[in-house]
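S.K.: Those protein sequences? They're chains H and E, same order as listed.
With the working numbering applied, the first sequence corresponds to residues 1 to 285, in that order.
With the working numbering applied, the second sequence corresponds to residues 286 to 609, in that order.
No lab work stands behind these hints: they were computed from the structure.
These numbers come from a predicted model, not from an experiment.
Watch out, some of these pointers could steer you wrong.
[Unchecked claim] Okay, the calculated bits of chain E under chain H, using three or more residues with CB under 8 Å as the criterion: (1) 424 to 431; (2) 458 to 472.
[To be verified] Over 12 Å on every C-beta distance to chain E, these chain H residues come out as not near it, computed from the model: (3) P88; (4) T109; (5) C123; (6) G124; (7) R136; (8) D138; (9) N159; (10) N182; (11) L270.
Even glycine gets a Cβ: it sits at the ideal position worked out from N, Cα and C.
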Amino acid sequence: MGKIHTIKQLEQKANTIREDIIRMLEHAGSGHSAGPLGSADIFTALYFEVMKHDPKRPEWEDRDILLQSNGHCVPVRYATMAEAGYFPKKELLTLRKLGSRLQGHPERTRLPGLETTSGPLGCGLSQGVGMALAMRMDKQSHRHVYVVTGDGELDEGNNWEAIMLAAKYQLNNITAIVDRNNIQIDGPTDEVMPLEDLKAKWESFGWHVIEIDGNDIEAVIDACAMAKAVTEKPAVILAYTVPGKGVDFIEYDFHYHGMLLHPDDAKKALHELRTLGGKIRSEHE
Amino acid sequence: MNEVRLLDVTKDLQIEPTRKGFGRGLKRAGELDGRVVAACADLTDSTQMGLFRDAFPERFVEIGIAEQNLVTVGAGLAAMGKIPFVSSYAAFSPGRNWEQIRTTICLNDRPVKIVGSHAGVSVGPDGATHQMLEDIAIMRVLPNMVVIAPCDSVEAEKATLAMAKDHRPNYIRLAREGTPVFTTLDTPFEIGKAYVFTPGTDVTLIATGTMTYQALLAAEQLYKDGIHAEVVHVPTVKPLDAETILASVHKTGCVVTAEEGQMAGGLGGAVAELLGDECPVPLHRIGMKDRFGESGEPSELVTYFGLDAKHIRFAAHHVVERKR
Chain H
1 MGKIHTIKQL EQKANTIRED IIRMLEHAGS GHSAGPLGSA DIFTALYFEV
51 MKHDPKRPEW EDRDILLQSN GHCVPVRYAT MAEAGYFPKK ELLTLRKLGS
101 RLQGHPERTR LPGLETTSGP LGCGLSQGVG MALAMRMDKQ SHRHVYVVTG
151 DGELDEGNNW EAIMLAAKYQ LNNITAIVDR NNIQIDGPTD EVMPLEDLKA
201 KWESFGWHVI EIDGNDIEAV IDACAMAKAV TEKPAVILAY TVPGKGVDFI
251 EYDFHYHGML LHPDDAKKAL HELRTLGGKI RSEHE
Chain E
286 MNEVRLLDVT KDLQIEPTRK GFGRGLKRAG ELDGRVVAAC ADLTDSTQMG
336 LFRDAFPERF VEIGIAEQNL VTVGAGLAAM GKIPFVSSYA AFSPGRNWEQ
386 IRTTICLNDR PVKIVGSHAG VSVGPDGATH QMLEDIAIMR VLPNMVVIAP
436 CDSVEAEKAT LAMAKDHRPN YIRLAREGTP VFTTLDTPFE IGKAYVFTPG
486 TDVTLIATGT MTYQALLAAE QLYKDGIHAE VVHVPTVKPL DAETILASVH
536 KTGCVVTAEE GQMAGGLGGA VAELLGDECP VPLHRIGMKD RFGESGEPSE
586 LVTYFGLDAK HIRFAAHHVV ERKR
């Protein structure tokens with residue numbers, strides 16, 4: 001894809017994606033809201049600047065790979081893919097409906113471009129490691145694997161098995177992006193299962209660690225470039241995000257991790273996104 | 286009049302574990318197709334992946350003791366067009382990593398080849414923790430999964446080569462202990478097919494894995510008892526070859542199943558489901574009866590748990606009697 005966007009344009013795209021997420025969830029009547037809203041900037045950066053991909057050729061053999069390990073946040077991916085032109089936007093409203101390609105948790109075999117099926121947590125990173133190993137075997141040094149994981153899902157042991165394996169093989173063609181929003185279903189991550197010192201954990205497992213504000217699109221883009229420049233080991237971006245970013249009453253509230261949006265909430269959220277303190281003007285007023 | 290060519294099971298035969306045949310087959314598959322890769326969870330020589338690792342070190346991944354990682358890395362390799370064989374002991378894979386197999390391999394429809402060695406009580410002295418008995422049951426219920434249990438090392442080699450060409454997720458069940466090699470290079474093998482190894486008219490003995498040898502021995506003994514047993518070998522428990530099984534059962538009118546694993550959910554369960562739906566007849570299942578194994582010598586254990594020709598023979602008499 002041509003990378004012709006300014007940061008301002010990307011921020012507008014992220015805002016549009018947030019509006020689509022709200023509409024999708026309201027229409028679906030269920031689904032997670034905080035994670036998708038919080039990671040909209042990461043997905044915008046990946047799809048519109050960082051990754052080599054082609055919406056018209058989802059199976060393009062030279063594409064970069066994006067795995068979304070935290071499958072429950074898939075509304076952000078669907079909305080971003082639709083914005084990028086993978087499928088018509090009107091299909092977004094089929095989310096979670098019978099017969100839809102947009103399953104409640106992503107299913108690769110139903111929608112081209114998803115790369116894998118996820119939802120049960122902690123398995124994206126290891127699949128990414130398998131893909132990175134295959135790319136190395138095939139000497140496809142022009143390709144890169146990105147894996148977005150939640151922070152809560154780092155409770156899963158499978159992640160740390162994969163983290164060790166990537167370090168063992170010094171895989172420099174994989175970048176993990178942790179959506180560090182500090183919430184999971186039962187509460188704040190540091191009450192449910194303390195993850196800190198998360199940076200030290202990854203470093204001691206042999207990864208290069210970059211910490212950023214995950215709601216700063218330019219920071220995400222820069223961090224991905226820095227991660228790719230690390231040649232002797234895999235790199236992880238700890239992206240500190242605000243859960244529910246962009247919608248005041250959802251922000252930071254772990255209850256919205258998996259709570260459905262009432263039509264009134266959705267209306268309020270859309271209004272806020274459209275104005276956003278006058279900072280960003282929506283195209284969909 | 287055998288429909289397939291077998292060696293005489295009443296004679297002394299070469300003894301070799303099925304995992305050895307897998308090891309040879311994997312190396313051969315690697316020679317035939319550059320997309321074949323392998324990964325193991327710290328049991329490379331034990332699961333007989335050593336031949337492949339030594340021949341193709343750049344196509345082998347040592348995962349360490351991490352079975353959840355083993356199969357999900359496999360899913361990633363398959364996603365990139367590789368044909369990954371991933372091995373461990375069956376007790377750990379698919380024993381420990383079933384959900385990963387369900388989501389990232391079956392639902393995700395990636396053709397990962399899961400190799401579970403050391404299945405059954407014939408693992409011996411290691412005891413119940415390492416004697417996997419539930420693998421057929423837990424793999425058989427997964428949509429998209431193919432379940433294969435070869436009867437000897439020659440068939441295991443053929444099965445491995447067939448798996449490398451199959452586009453579906455596969456599970457192959459292998460044994461630690463050596464068992465008689467009674468099939469030959471000419472014995473047919475195709476994924477999804479059951480084979481009449483001994484034709485008969487009075488009772489159908491349906492067996493999988495190394496229990497097929499015991500069924501053939503039982504058929505020899507039953508012949509002397511005046512009962513003509515038909516032995517149907519089922520190397521592919523899923524998809525089950527209903528046509529071959531039902532053709533035999535329509536002829537004989539009674540069935541004994543035999544497997545070295547839990548009969549609940551295993552081959553016995555699969556056959557009971559089929560017969561219940563299509564052709565209810567007297568059925569006796571030989572297998573583990575809702576209990577775990579224990580330490581002992583392999584030959585002691587199979588006798589102790591009734592997993593041998595003698596018990597198949599008694600069961601055959603029993604179902605023939607019920608038929609009358």
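S.K.: For this structure, which hints from the list above don't hold up?
M.R.: 1, 2, 4, 5, 6, 7, 8, 9
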